[in-house]
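Could you put the whole structure together from the sequences, leaning on the hints where they help?
Protein chains: 2
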Amino acid sequence: LDDLGRRVLRGERTAVSRAISSLENRDEQSSALLSEIYPHTGRAFVLGVTGPPGTGKSSLVDRLVSAYRSRGRKVGVLAVDPSSPVSGGAILGDRVRMLEHALDAGVYIRSMASRGDEGGLSDAAQNAIRVLDAAGNDVVIVETVGIGQAEVQIVKVADAVLVVLMPELGDEIQANKAGLLEIGDIFLVNKSDLPGADKLLYNIASVLSRKDGWRQKVLKASAKTGEGLGELLRCLDEVEALSKTQNEPDARKLGKISDELLDSVSSVVLARLRSELESDQEFRRLVEKVARRELDPDAAARKLLDRLPQLRWEK
Amino acid sequence: LDDLGRRVLRGERTAVSRAISSLENRDEQSSALLSEIYPHTGRAFVLGVTGPPGTGKSSLVDRLVSAYRSRGRKVGVLAVDPSSPVSGGAILGDRVRMLEHALDAGVYIRSMASRGDEGGLSDAAQNAIRVLDAAGNDVVIVETVGIGQAEVQIVKVADAVLVVLMPELGDEIQANKAGLLEIGDIFLVNKSDLPGADKLLYNIASVLSRKDGWRQKVLKASAKTGEGLGELLRCLDEVEALSKTQNEPDARKLGKISDELLDSVSSVVLARLRSELESDQEFRRLVEKVARRELDPDAAARKLLDRLPQLRWEK
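So the sequence lines, in the order shown, correspond to chains E and S. Basically the numbering used here = 1-based index in the first sequence + 123. Basically the numbering used here = 1-based index in the second sequence + 123.
Hint data in this document are derived by calculation from the structure and do not stem from the laboratory. Beta carbons are placed, not taken as given, at the ideal position from N, Cα and C, and that holds for glycine.
Each pair of labels, with its calculated beta carbon distance range:
#, chain 1, residue 1, chain 2, residue 2, range
1, E, D126, S, D429, 27 to 37 Å
2, S, K347, E, D316, 21 to 31 Å
3, S, E354, E, E361, 54 to 64 Å
4, S, L132, E, E411, 22 to 32 Å
5, S, L356, E, L356, 49 to 59 Å
Not close to chain S: a few residues of chain E, all C-beta gaps over 10 Å, as computed:
#, residue
6, L127
7, R136
8, N148
9, A190
10, G229
11, D282
12, G319
13, K340
14, E354
15, R357
16, L365
17, K367
18, T368
Encoded structure:
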């Protein structure tokens, strides 16, 4: 069992794959595995890449992988698709574009889909990053498709977040960028050859400067032509250097760990609560009363809570 | 206080607005209000409209509102945007297109954004539907922007779900339709004048027939030209008639109520757990150990759970 952990630490690809699956499925060796690799994490630069669909995130990640590889750095890529219960053809299509890296032993690429359990996905992604980190990757890129709450959850664990936008997106999609403004460290207007690139750049910059100026940068580039990528890399190096100087766990890091522990404990407590309730006669009686509109859902919930003894922590 | 409830039941617009806000903010009169209106719900036909961004959901809803109004039916529209913490300009833009209905006393339109709390949003949306239902609307249309887990949660409460797609969407967006296949009762290929409409129609139909044929229909239409809307309305009438014949609460309805009660109870239990943990010395000590990589997160969570007494329901 702990042989798998040791093989991960030596950077063996098959061990990395098996370790990620083990932690994703929470099989019986996962706890021992995590405790073995965890002390060896925290060395990689973890970069989250997110943004609306169609902005060219995969092509951009492809470019970043090549750039990091040309400097001799080992790169792990985790491509996460929270909204697709079935890992669809599109993701495979994206991955095919990365085939050029497939023969490069210095690049490891893994896709991950949610199967409908977003909490589980964010947990699995977090642990996959740890495996890639412990396996000696210098850079771990976490690419998420889409911009929902689950994606935000996932990229939150990154050392830095790159938000990819593009000109000419529909209004509906642009509206969503409000949620991205908070999580981004670097905003990239991709497809900079399209009309409206400068306007979008200006719009984002003006919102940022009003809100929180520190570290957040806005750039434009074209993953297709390569224009602007040098500037993006310089910016990423700057963010990476900054993240490396923070040796002491700061408030942000403690907050992340605190959230992770709260989530773990919560999910176990909720599972217990659900199984208690589902085998509860009174619960079924209340559900039927609500269905017959004899009782409203709020009143029913209050009746249930009255029967639940106050949660007490042993002091 | 209960005057507000009575005014909602009489269908007064200002009372409807205030009641939705009261339930959204969970203010002190919300419980009494819900218990007063709840017995008068269950009469409206609740139609969920969802699909990827840019497929023309708002224009389509606009058309449906006009069609229902021309038959003299009262319509309430709830436009929900879970991914935008700030209710953005785009939504306002969409709503402006519906201004033609603004002077029509038989149409009530309301927007709702999440402010980052998706559980709360789904709860608020559910209660807003109840207000619109109790206020005597014959049809309540719930339109959600986007296709994440939160949207799925929201449209689940509908009697029927209309999924709006369009030809020529990027691969990344189409991949997401996998998640939509399960929740849709009717699939509409909008913008049927674009190339690829028939191919998309065929693709969806072939997946559906392989999976679950009952009730699920695939149609094409153009909200712009009006082509195909007659057929869509016939289809909606059919689904509505079917939903009206189910007087007895069936398994699906009981499941929804059961989920809602579980969610209510869970959120209270989780809030208690969080507040207990956040003031807990041992919790802070464990977070710091994990940050220093002296302990892995799984082991820390197990230590916390060991101190939590087993959740017990009073029998």
